[in-house]
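Listed below, chain by chain, are the residues.
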Amino acid sequence: MYELVCELFPICRSITGAGFRQSLKILDEAMGGGILKIHSIASGSKVFDWEVPAEWEINNAYIITPNGEKICDFKQNNLHVLNYSTGIDTELDLASLQEHLYSIEEMPDAIPYVTSYYKRRWGFCIKHEDRVKLKEGKYKVFIDAKHYENGVLNYADLLIPSTQETKDEILISTYLCHPSMANNELSGPVVATFLAKWLLELKERKYNYRFVFVPETIGSIVYLSKHLKYLQKHIKAGFVLSCIGDDNAYSLIHTPSENTLADKVALHTLKDKNNFKEFSFLDRGSDERQYCSPLVNLPVVCVCRTRFGDYKEYHTSKDDLNFISEEGLQGGLKAMQEIIMNLEVNEIYQNTVFCEPNLGKRDLYIDHCKREGRVENILSFLAYCDGKNDVLDIASKLSIQAYELKDLIEKLKFHKLIQSKNIYKGIQ
Amino acid sequence: MYELVCELFPICRSITGAGFRQSLKILDEAMGGGILKIHSIASGSKVFDWEVPAEWEINNAYIITPNGEKICDFKQNNLHVLNYSTGIDTELDLASLQEHLYSIEEMPDAIPYVTSYYKRRWGFCIKHEDRVKLKEGKYKVFIDAKHYENGVLNYADLLIPSTQETKDEILISTYLCHPSMANNELSGPVVATFLAKWLLELKERKYNYRFVFVPETIGSIVYLSKHLKYLQKHIKAGFVLSCIGDDNAYSLIHTPSENTLADKVALHTLKDKNNFKEFSFLDRGSDERQYCSPLVNLPVVCVCRTRFGDYKEYHTSKDDLNFISEEGLQGGLKAMQEIIMNLEVNEIYQNTVFCEPNLGKRDLYIDHCKREGRVENILSFLAYCDGKNDVLDIASKLSIQAYELKDLIEKLKFHKLIQSKNIYKGIQ
Amino acid sequence: MYELVCELFPICRSITGAGFRQSLKILDEAMGGGILKIHSIASGSKVFDWEVPAEWEINNAYIITPNGEKICDFKQNNLHVLNYSTGIDTELDLASLQEHLYSIEEMPDAIPYVTSYYKRRWGFCIKHEDRVKLKEGKYKVFIDAKHYENGVLNYADLLIPSTQETKDEILISTYLCHPSMANNELSGPVVATFLAKWLLELKERKYNYRFVFVPETIGSIVYLSKHLKYLQKHIKAGFVLSCIGDDNAYSLIHTPSENTLADKVALHTLKDKNNFKEFSFLDRGSDERQYCSPLVNLPVVCVCRTRFGDYKEYHTSKDDLNFISEEGLQGGLKAMQEIIMNLEVNEIYQNTVFCEPNLGKRDLYIDHCKREGRVENILSFLAYCDGKNDVLDIASKLSIQAYELKDLIEKLKFHKLIQSKNIYKGIQ
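Residue numbers (the working numbering), protein chains in the order written: chain A, 28 to 455; chain Y, 28 to 455; chain P, 28 to 455.
Hints are not guaranteed to be accurate.
Copies of the same chain look alike in the list, so a pair counts if it fits in one copy or across any two.
Restricting the straight-line Cα-Cα distance to at most 30 Å, the calculated cross-link-like pairs of lysine-lysine (DSSO-like) are [said to hold, decoys possible]:
1. 415 <-> 339
2. 260 <-> 443
3. 73 <-> 415
4. 339 <-> 433
5. 224 <-> 173
6. 224 <-> 102
What the hints contain is simulated information worked out from the structure, not anything from laboratory work.
Only chain A is shown next, with the shape it has when bound in the complex (with noise of 0.2 Å):
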């Protein structure tokens, strides 16, 4: 994963423009190629609150100082820019130039990220070291960018169709608007690349998984105003992944509610994880603003490793390749894989028997992972299978993941000690 995340890195993205859409195909190769569906959505066109913005060219930026040093490249690092930009072709003092520079006092050696996409402006974003340095003078400013009203603005998806008969979808979403950072945001974008290539391995998926790559914020209000209606129906969870990469925390964002599938799922599967951090949606950053909205009302979580803003590269030249690690973003995919595995597994089962069975004639009578001392697991499942519980709410009784009893419920089912509630008409 870290490999993927190298090639993408040097690649100036915006919300639109051609830095996205060959950001998609390269996400689209590494799956295996010919798998991402990629559409497109002309700019100007109405999007609930919304309008589609214009696309976005940029070939090439910098400033040349009074004594013909060229600083702010975009072409080593297109951060220099300020993120959709207009075209500028000039000259000017130093107190004008100031106006259209972005700096940090409080960490001088980091390019900010800085955006503008809903006001039309030029800018420049710069180490607040060099910065300072700056002298008086008459300075050259040249960007090379163009916005094309009559342009498009790009996302894709992917459906991986469950091998049951379902309608019922899970929801991976992520976004890919960001320019040259690594956590944020190229770490999600890979690890839900990856999980999509485990998923499509599978032999077996009781959901539907749809995955969804967009532009931040004005992405997933075109990919709802498209879909809501389909959405509201079949999505039982969703996750928005973002800063999946680094090595340190795991954090939940929860739905406004806290009770979703989604909100129980995540919290079950995260919580026993090494520095584990539960924000409420007063914590949100991400794309879960718009899938929880009240109107459109999903149930969408946020996943992350270290929670936006709560790392100070965040939104800087700082967040680079050193900040994330093929362990981070192993431990990322790991946490969604299990995420996964203890939703598929969920369910509601109820006993068959009355009284507990008789395990010794069936040759069950084993302890099943033995646990300080308690009654052993298997009969502690059956005990709680009352047709209420479902298999997350036995797990987290039991202390135990959700997937872990996989081959106990499917030892019950083969000796028909429990069914699943779905289908079951039953005695009581």
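With the hints as your guide, set chains Y and P onto chain A.
Same frame as chain A, but now just chains Y and P:
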């Protein structure tokens, strides 16, 4: 307010009689005159399980010691006479006198406040340090008091109308039957009086406000016997004011269920105040006992500074003009004003657009009182406007007072980004 | 009670056979004789998922060592023989013998209690300190035991009728299949016996009381197979008694839902006892496993002093007559009596008058056990008598045992100030 307390302080009040009527008139004048409606009910009237007691008249009372000294002089301090005492004019020896004396051994320099409303007897209240000095000999006791079986019990109310079309009411109830004590109880009626003045000057009132000034217990029982059905239908929240003039704590006594609008708004308003104390209905003590009794079941909490019984000066001559202060009274008044502002702003709203609205195009993209790095309040407010949370719920999540959201709500309503759920016949 | 335990202690019980029958008869005599109904079910009968095992007869068992010493003598301690062992009469060398010996390395001076009900084998239980001294050579082993396939399994019950017209029942269940051990299990049947004696002498019983004495697990399964529908309809709360004769703790094992009347009354009664321990159903271990199994779903908790498995003497010869005491048994009996008194007094009441009643005119204005300066219990009780709280709820608020409110409730009923909600067709 402190001046008004001083004016009322010397009057000898009881549950019936001239002192109570005179006090009501002083409060009415403080409101501007002709504001309060003063009512009377005949002694002997049946009210639920009770009977209205006879009217009490008291003119003078004292004891002459064997050596001719006048002690327990009513004209020095009206607490000296047992409140509601029968008249007496006789001579007796010390042993017989002792049976009619009340003092507090643990507070030797305080005159206790003692009443005997439902058993006719005479008596004097005396500092314990004076009592122990009494010598053997003949004592002359004189109490010029009468009970009129054909008298009346008085109480007053005031309805400040809503500026909207509604019968919904907020109840403010306080009692005025205690003689010369300051926190319990002149603080309650005086804060209520100034709260009424403030409400009368507001340009807009969503609710009708009903103020009730009664003698404690029997007065609220009388009031409920007259208006029960109407109050049960229209009171949305109510507040008993008592012991609200000292400068030590803020206290809330909950209803039995602890989940009415009154509990919710009072807790929201007071919980972050200095030295806030929360009590269950087990710790009740004033007219909330009647308002919250099971068959009455009104949503009425009691709001105090230091709760009755939580300060040792309670029900003694030490609860005097030094125990309270203008600052203490102002703190009590402000707490009640905040409670009312929070009630006035409270409502259930719902978003009108899908996804987050485009704030930029409406020039709303300003950080309204940003806090602790969380997403801006305007977006957070919208995120929780789901047609279920009310403004109190959302403000509690944002850790601010509901009334602080007033401007923001007005802006969102102006831009039609939210609609009141009451009139919302909508999309979902 | 201790004497009765001593009488029962030497008998070799098992899940079937003469020892069990003899023990039932001793309990019946302790109740007065002819009280318990003793039932039998044929070996081989199908009961739910199980089959009733053959009847076991044991007369003698021992080992003769190579030097002629008799060890593991059944007549010295019946724990020496594997419970439900097959018969044997042979000679073998030490290595072969070892395969049939059971001991506890960590408790070298204790004979373990081992059973083998569902796999036919023979064996001896021995102190580990004796086992390690065994020398090479020929051992003679002798067990005079038989299994009768045409035998029976016995159990007993007793229904103590309510003095009112009701079919509502309280279940007390205990088991009697363990041989010479004291806390587990003679404490359970002996406390149940004395509890039945106490109940038989009460003048009034609101409920019917059903006592069940069974061999553990298979016995309760048999009982449920006979009476399931009736028990599901009429049992309002039930209690399994086990390990209830030591003097260390009080323990409650909840039902899976933790919110039945049995959970509520047991928690209310026991929670303030010295060294109280609360367990979830995960820590179950006795017949509550059957009573609370999902399709049976009876409201039955388990009440212990020190829970099975929480003391190291459990299931060894160290759980002897020294481990329990008359005080321990009395504590267990008293806890169960309090639970029953709390059930008997429990009911939902509602006030009959609006506002607080006038207690003075009924001479009720006495402070019934005033506590911590709170308003008097009589008024507090009335304040919460809202037709929703039951007496257990109110007593918990007042921090007293429900049965302590009995006199107060009788007085209020006498004065018609409260009415039972069951018969209340009332004002609201």
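Here is how each hint holds up against the structure:
1. 415 <-> 339: neither (45 Å within a copy, 36 Å between copies)
2. 260 <-> 443: between (32 Å within a copy, 28 Å between copies)
3. 73 <-> 415: Classified as between; 29 Å across copies, 45 Å inside a copy.
4. 339 <-> 433: Neither way: residue 339 and residue 433 sit 41 Å apart in one copy and 34 Å across, limit 30 Å.
5. 224 <-> 173: The answer is neither: 36 Å in one copy and 64 Å across copies each exceed 30 Å.
6. 224 <-> 102: Neither: 33 Å inside a copy, 70 Å across copies.
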